[in-house]
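These are the residues of each chain, in order.
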Amino acid sequence: MTEFITQYPLVTALLALVSLGAVFGAILGFASERFRTEGNPIVEQINEILPQTQCGQCGHPGCRPYAEAIANGEAINKCPPGGEAGIQALADLLDLEVIPLDEEHGEQSVKKVAFIREAECIGCTKCLQACPVDAILGAAKQKHTVIDSECTGCDLCEEPCPVDCIDMIPAEQEGLQTWHWQLPNPVSLEVDIIATDAPREEAA
Amino acid sequence: MRKVFDFHGGIHPPENKYQSVRTPIADAGIPPQLIIPLSQHIGAPAVPVVAAGDTVLKGQLIAEPKGFVSVPLHAPTSGTIVAIEERQIAHPSGYQAPCIVIASDFNDEWIPHSGTRDYRNLDKAQLIERIRAAGIAGMGGAGFPTAAKLSVREGVKIDTLVINGTECEPYITADDILMRERATQIVAGTLILQQLIEPSATLIGVEDNKPEGLAALRSAAEGTAVEIVEFPTKYPSGGEKQLIEILTGKQVPSGGLPADVGVICQNVATAVAVYDAVVLGRPLISRITTVTGEAVAQPQNFEVLLGTPMSYLLALAGYQPQKNRRLIMGGPMMGFTLPSPDVPIVKTTNCLLAPTEIELPTPTPAQACIRCGMCAQACPASLLPQQMFWFAQGKEFEKLENHNLFDCIECGACSWVCPSNIPLVQYYRASKAEILQLRRDNEKSEQARIRFEARQERLAAADAEKEAKRAARKKAAEERALQAAADGGEEDPIQAAIERAKAKKAAQVAGAADENELEKLEKAVVTTRKRLETASGKLEQAKTEGSDLVAALQTGVDKTRAKLNAAENALHDYQLANSDAPMENAAPTDAAQAAIERAMAARSAEAALSPSEKARAQLEKLQVRLEKSRAKLAESRDSGAEEKIIEALESTVERLSEKIAAAEQELQATEGA
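These protein sequences, in sequence, are chains A and B. Residue numbers for the first sequence follow this note's numbering, so the first one is 1 and each next one is one higher. Residue numbers for the second sequence follow this note's numbering, so the first one is 1 and each next one is one higher.
It is worth saying that the hints were derived from the structure and are not from the lab. A few of these clues could be false.
Claimed, not checked - Chain A is faced by these chain B residues, among others (derived, beta-carbon under 8 Å):
1) H91
2) A430
3) S445
4) R451
Computed from a predicted structure; not experimentally measured. Beta carbons are placed, not taken as given, at the ideal position from N, Cα and C, and that holds for glycine.
Using the sequences and the hints given, assemble the complete structure.
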């Protein structure tokens with residue numbers, strides 16, 4: 001054995017490298033089969049950032065399809081409910097430039113929930129079929145009502161209603177339950193501590 | 001002497017406690033009106049059990065707890081419920097909250113109540129129930145329901161009970177004066193808590209700036225298993241986690257509870273409330289509140305009924321509003337500015353501070369952070385306030401959480417030492433609120449995602465089911481066809497019969513190729529007539545309602561009528577044209593027509609009959625039908641028809657017999673009438 005190695009160093013080296021390559025290749029091949037990832041993991045991450053209103057304002061039937069589209073290179077600024085914060089988070093995740101919200105797909109507004117004026121409801125179940133999260137309760141010829149804790153405020157039930165008895169109302173009223181401390185105003189912007197800090201026009 | 005430990009950071013602000021302890025506790029008396037907010041504690045608001053107009057006695061239950069983390073409310077004095085409505089409460093937002101308003105009758109008449117002097121016979125559940133029923137919530141400032149705090153989870157061993165008599169915040173002396181004057185009650189209450197928790201050590205921790213209180217407690221605790229521990233004064237040693245570290249040397253883990261290190265902490269005032277509840281049977285209806293600051297003439301402590309308007313209490317202490325720029329509930333470090341002096345005293349109001357402008361000046365404008373690091377040295381929770389300040393400004397919430405923002409006790413030590421006067425605590429409070437909001441939003445979006453996916457799955461499953469059924473039907477049809485093809489050679493009687501029938505039909509159709517045309521015309525007439533009916537119905541309605549659509553509807557009706565006429569004419573013409581066509585063709589239509597006419601005639605004849613005659617006719621008809629069905633059933637049984645057919649016939653017979661029975665009854669009823 002030692003003799004063979006000393007006599008044919010080139011052949012030995014070749015053999016050694018080839019066998020190493022074969023062994024590692026086999027390990028890698030096995031690992032790629034064994035630990036294969038199901039689906040595209042980036043889609044999951046994008047989907048987690050999206051607000052899950054399932055409103056379709058982006059032009060896709062739900063948040064997951066839009067997440068898939070983003071993973072395939074679509075613009076990240078088509079989600080009005082996610083707003084600027086959502087775009088920021090997506091840009092961070094995907095290492096993209098932050099771009100302003102595409103106004104074509106709607107404007108960012110306060111969170112809303114659907115409200116059915118039950119006196120006017122005719123029990124047609126059209127809104128039930130439109131609701132992407134099954135947040136409307138009702139049956140044919142029965143008054144429908146919105147489970148407001150489940151409503152995402154996507155607005156999709158408003159359009160199919162034949163008697164126009166659905167309103168979108170702000171989700172949270174200003175009140176004791178929703179009040180919280182606000183960030184203080186930015187440091188020393190309000191008061192000029194030193195006279196010369198005043199804007200030049202005034203000083204002059 | 002027990003070894004005491006030290007905690008990181010802390011500050012020594014001017015204490016200003018001597019002003020309010022020069023006189024003993026004064027009774028604030030009964031104000032004409034009491035306003036009792038339904039939520040004076042952490043957790044779900046209480047639910048009123050009284051209505052406006054009810055008379056209540058002192059100590060009577062007026063609102064009951066809702067859920068585990070909640071406490072009941074009791075009437076602080078006797079009187080009448082004036083209203084249950086929204087009133088402004090002591091909250092930094094200045095918002096209103098539901099309150100029970102009581103007009104006092106000044107009799108101060110107690111509801112019958114009794115305590116248990118010998119509380120040692122009570123078991124733990126009974127003790128906790130009494131504490132809960134008395135409406136006790138932590139009186140140190142946070143207001144967590146005491147019964148909930150004392151209900152230790154199964155398997156958690158509490159080895160130390162800590163009673164907090166530290167009162168580290170400047171100006172406040174409510175606990176100090178309580179220790180001086182009511183040390184025996186404090187110790188008695190502590191012993192009750194001790195019996196409940198069974199710790200191996202019971203400690204009352206007091207700062208060394210309260211020598212009188214310490215002396216009183218020591219003499220009261222003589223001969224008991226309660227140990228009084230004195231330790232150096234430093235702010236904020238009264239914080240629960242800080243006090244635990246001082247007394248036991250143990251640090252409560254980040255995000256954990258004192259129970260995680262085997263400690264339960266209660267305030268001295270809570271101990272007195274427990275004593276009152278268990279031994280005297282008195283619910284929590286009053287508390288001791290310090291009224292102090294240079295804008296009051298006689299700073300002192302009051303025993304005040306809960307719900308007393310602060311303005312009433314301030315007047316007692318000689319409040320001079322012109323000297324006072326802002327009124328603070330709590331101390332100068334952790335308190336907040338009150339929206340109005342008319343808000344009521346609640347279970348957590350330990351101090352009313354009315355400082356002058358010189359005493360507590362308006363904070364000078366914040367300047368830039370110079371990164372001096374003094375805030376980090378002062379932080380009692382060993383956090384990095386300066387780092388968190390930057391993250392809070394940049395709204396980097398993830399980093400804030402990584403820097404343990406939620407361990408911040410909002411003591412204000414960092415803001416106090418800050419040479420740039422940055423209101424650091426306000427940044428942390430705002431960030432905490434925003435993070436909690438984000439968490440709630442995330443939870444909600446997760447919920448929405450789950451619901452959306454569940455719905456997608458459901459729809460997909462329904463589609464798949466339909467598809468499967470369709471496929472099954474198709475397959476069955478194909479199989480039948482194959483079978484038929486395979487059996488084609490042999491003489492299958494059924495197949496032959498079907499084919500014969502088909503052939504017959506085909507012949508008929510061939511004979512009446514334009515029967516379809518007739519059907520079409522008839523259909524047109526029927527649908528047009530229907531449309532006309534609905535249209536005229538609408539027109540009628542519009543007319544009665546006086547709608548302005550009448551004209552439009554009228555033209556619609558006219559048009560439909562014209563269409564109907566046209567269709568009828570077309571049908572008539574067609575029928576005329578085909579009347580002399582082959583008779584076999586016309587016969588079936590005529591037969592059907594004849595049957596319809598017969599039925600109609602029978603119906604009109606029926607309408608003319610009297611009720612009893614009608615019923616009899618009905619009965620007879622049914623009997624005939626029953627006979628027929630029976631005959632059919634017997635026939636199919638004899639011929640050995642399929643079981644299904646026999647079953648169906650049997651059920652028909654049964655149904656008919658039932659109907660006959662009903663008809664007979666009806667007949668009897670009509671004849672009887």
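Status of the hints after comparison with the structure:
1. The beta carbon of H91 of chain B comes within 7 Å of a beta carbon in chain A, closer than 8 Å, and the hint placing it at the interface holds.
2. For A430 of chain B, the suggested interface contact is upheld, since its CB lies about 4 Å from the closest CB of chain A, less than 8 Å.
3. Evaluation of the S445 of chain B hint against chain A yields a held restraint, the C-beta minimum of about 4 Å falling below 8 Å.
4. For R451 of chain B, the interface hint holds, since its Cβ comes within 8 Å of a Cβ in chain A; the closest pair sits about 4 Å apart.
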